[in-house]
Amino acid sequence: MLLSCQNAAWAYDGNVAVSGLNFSVADGDYLCIVGENGSGKSTLLQGLLGLKTPCAGKIVYAADWRGTDIGYLPQQTAAQKDFPASVQEVVLSGCIGRLGWRPFYSAADKEAAQTNLELLGLERLRGRCFRELSGGQQRRTLLARALCAARKLFILDEPLSGLDPSAAQNVYALLKKLRKAGLTIIMVSHDLHGALQQASHVLHLQNKQKFFGAAENYKKWLEKKHV
Amino acid sequence: MFNFFAEMLSYAFIVRALIVGLLVSLCAALLGVSLVLKRYSMIGDGLSHVGFGALAVASACHAAPLAVSVPVVLLAAVLLLRLSENSKIKGDAAIALISTGALAIGVAVISLTTGLNTDVCNYLFGSILAMSKSDVYLSVGLALAVLILFICFYQKIFAVTFDENFARAAGVKAELYNTLLACLTAVTIVLGLRMMGALLISSLLVFPALTAMRVCKKFQTVTLNAALISMFCFLLGLIISYIYATPTGASVVIINILLFLFAGLLAWLQARGWLRAVFALLLLGGLLLAAENKIIEIKENFFMTQTNEIYANAPDYLGRTLKYEGIFSVYADPDSGKKYYAVIRYGPGCCGTDLNAGFEVVWDKEYPQANDWVEAVGALEEYDDNGIRALQLRLTSLKTLSVRGKELVLR
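Chains A and B are the protein sequences, given in the same order. So in our numbering the end of the first sequence lands on 227, straight run, no missing numbers. So in our numbering the end of the second sequence lands on 411, straight run, no missing numbers.
If we strip away everything but chain B, and leave its shape as in the complex, we get (with noise of 0.2 Å):
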């Protein structure tokens, strides 16, 4: 496990990938609860059209792509905003406007220029080796100045977005704040836009705050877990598209479709009261896993009883691993020469002590000494001793102890 990610972060291209999907998921989780509430979801999906033109103009002019894309996509955010108030048209029908344009704008520059090539492919859906050095700097420090204007606005985010009119009443300036939310999401998208793809970019947005909205109840823990989960399905999404080669943005998405549906199942069973009873199964189930892996120890106390309750009950108890203490003895067989070995402690007998409680053992390293006190540790297992079915311990530890303990036991 270990190894797997050390050899998955000596690849600097992923290690940059890392840190900037990182830093986008956490930002754009945390704006698209807003966007989403406030019925802005498709903004999104406009401004990352917007961006892909201003890629495409930018590389056309070998210009910085970060250096050109983000002005002009804050530009289009606030025309956006500024466009879905003025009802002259409508917000979707001028999302839908803008973002076509851009996209036509884009795709005519390039095929003016360098053609239709595999570079169109990685803008529109996205390509891990697109960050480099300088994007990482201005990526970091973007994400951050989101992050912080975020937190610093969360209070007024949260009373505009619930209740414009109110807030507008109280004094706070709405639009200042709208027009905050969409500069930050164009920021945002823009540094995603090309590890996540021109069309898959707006899912970061959207996903992490439904999948939340499913389960949490309050805006600040729907707010936290949509971060969580953002960047746990970028996480996730990036080590799946390393192992199986497959684009990193569409195994985000994926990723985040399936955790949709997971919490869209959490939160039909909680509505039908059942998610207690999922819960208790789980447990009740997780304990008898733990229970079937467990070690069973035999104690001095009902060390008879218990050997013996093993040996009645062999077949329920094969395969699992015994541990216990006891004197290790070697006997030969007079007729064959062969020598058995085994961990016992004497039982009672009719005469002495002629019973004696414990099982036969084999052990793949050296012996110790006969009458030495042991503690074996063992996978209990049947063989076939010259036609009578026998039960032994395959060791995986044995271990010399000083201290002795009861030889004789009773019970």
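In isolation and in its complexed conformation, chain A is listed as follows (with noise of 0.2 Å):
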């Protein structure tokens, strides 16, 4: 077991956002979050980085757990929009957590980075400024990034909005690689279907927990509620 919510909530301005979690993750697990907007799913991811305390119930993470072997993928921010930044210096600030007190990034961090680059068809806009790239693109940088931060486990917040449906496939493509080689995988996603094919557990979310379970199991509970 990687992590354990045991009864945690989180709350967001004083107001609780999402309460009653009791879910487990495993090493390989490839974890989808489901839910309509505003039902607490991007509270609960910002819980399970360790960026906010629980308001009750706590987690309780393997003992080998280092909060630096988390690579996260965020949703972009406004600010990002007209960062002059090229796209090797973003990837390589992926390697952020392993500096520790040094002022430079050393050569297996670089190396760790080019590695990213390659795997996601980076290497000709290495040179290239992050704001002049495409929509599809920038997600791909900013998914090299967090690949160079993930050890274990690989945090993705809506990593499919805004790209077209062959830049999605290519997503996914890129996540069952990343299982096979060992990764568990947590990830909110708007597109069901996608994330029913590939997920291996599914947390169904609306203020409270209203489903966890394997993700067979949960075509099954649709069905159901539907009837």
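FYI, nobody ran anything at the bench for these hints, they're computed from the structure. One thing to keep in mind: the hints can contain errors.
The calculated lysine-lysine pairs, modelled on DSSO-like cross-linking and capped at a C-alpha distance of 27 Å, are [as the list claims (entries may be wrong)]:
(1) LYS399/B to LYS338/B
(2) LYS218/B to LYS81/A
(3) LYS173/B to LYS58/A
(4) LYS152/A to LYS173/B
(5) LYS180/A to LYS152/A
(6) LYS173/B to LYS52/A
(7) LYS110/A to LYS173/B
(8) LYS110/A to LYS399/B
(9) LYS110/A to LYS177/A
(10) LYS323/B to LYS406/B
(11) LYS176/A to LYS152/A
(12) LYS58/A to LYS208/A
(13) LYS110/A to LYS217/B
From the derived model, a few chain B residues whose C-beta atoms are all more than 12 Å from chain A [what the hints assert, rightly or not]:
(14) MET42
(15) LEU75
(16) VAL107
(17) PHE166
(18) LEU281
(19) PRO334
(20) CYS350
(21) ASP384
(22) GLN392
(23) LEU401
Please read all numbers here as calculations on a predicted model, not as lab measurements. Just so it is clear, CB atoms sit at the ideal spot from N, CA and C, and this is done for glycine as well.
Work from the hints to combine the two standalone chains into their complex.
Quick look at the structure:
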């Protein structure tokens, strides 16, 4: 087991955003978190990342857990739209968690950045300015950055929003490859159909935990709900 | 040029202003890039007003200005950050509250003690005379500390600036680096405050960063160029303020504005794909200009042809400098007795060498011996010789050479 929530709840601006969470994620799982807007998905992610402490209950992590092993793909911020940075710089900044007190990146960090640039087909764009890339290219750059950080767990916040279908397929193919390589994946997504094809587990939120279990059972649960 | 700088630097207060100003510009530009990108530009403005208030109180209490204002502004920086992260009062409103509050306190304290006088004007708009020797030592120390901290934490500052959430998820203490950034900014602002003025100091943070961002595409180059631009603008501003006796702060800001507009023009041309065309035109113009000023050297190989060309198209060559070697000759006009001097080579003729190629020369120094082999350099001019329009070279140099070249030239 990598982490488990035990009756955890998180508040946002004093209001409880999501509560009654009881689920666990094991090594190699692929958990998809679904739910409508405002159902507490992003708050939960912030909690899992350790950016927000739960207002009730707790998260229990595995014994060898290190916060710096998480790769995180956040939603894009407005400030990044006009940010002057090269693709190389952005991707390399994914190694920031391992920097410690050193002022500069090591050769190993640069190698990791190079590997991930190649994995996402960005070698030719490495010198380009981030703000001049297309939406899909920007997403791939941020994915490469997150991969630099992801040693164990990969957390994605709506990785597909704003991507065309073929770019979305590429992201899914990449996630499949990463999971084979042994990464655990937690993803918030609106794309139910695509997520169900790959995910091993599903967590359905509506400010409370409505469903948690294997993906096959989720389909049955959905059908039952509609009936 | 050298004399001018030597004279300027002979004033101790200008040397002090130069040292502190360059260091402050450097620090401000480095920090400014992150501040602008994080939408924190106004923090600089708020802090400068707090600095004004602190300076006013310090001078009222006859305390050392930097020793009082550095801690006060540091405190204000931390407070401003806390306020902008706390959502009860929005960031810009918090800055407005604190900056106007501090300004009000400063003005009240000054009017109660010394009264509103030129000192206040200097605080607001800056004065080049502001730096004492002890200020310089303290400023250099603090500025170096800002530089070293910035370089050590450059990667983290980049990560936190680009994406705070990601950096935090990766275990970087974003609040720590935000506070660090604000504190370094506070120190930089206090250091530059009295020279640039409370109302103008924040431009040092904003302008170089924006100018660099117009033309550069990497964070690293933006940061480096912002630093260079900032120091260049300060230097130029200081020189201008020295020559025209304008306030230093205002001069520096005006230079910054001009450079910002120029960078905007460059970026606009680049976006339209005309930048290369402009560079090509500049290059072409430069080459033409260089060719225009170049000395025309008449070589042995086409000596006849080239001298004939110059005689045939004399108007194109008037004023140009010619350089060639030949025999120094003297002729005396049998009728008037007037002496003509020339540097020539013998050309082909129908019976021997009755056609000489070369130019008549005038030289305001002593002429060499006739038939000496000389190198002549001079400007071509036209003169009126008793109704005949003739060409002559007004020499700038006439050297006698020991090795003689070809005296008879056939082409």
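_Could you work out which of the previously given hints the structure breaks and list their numbers from low to high?_
8 and 17
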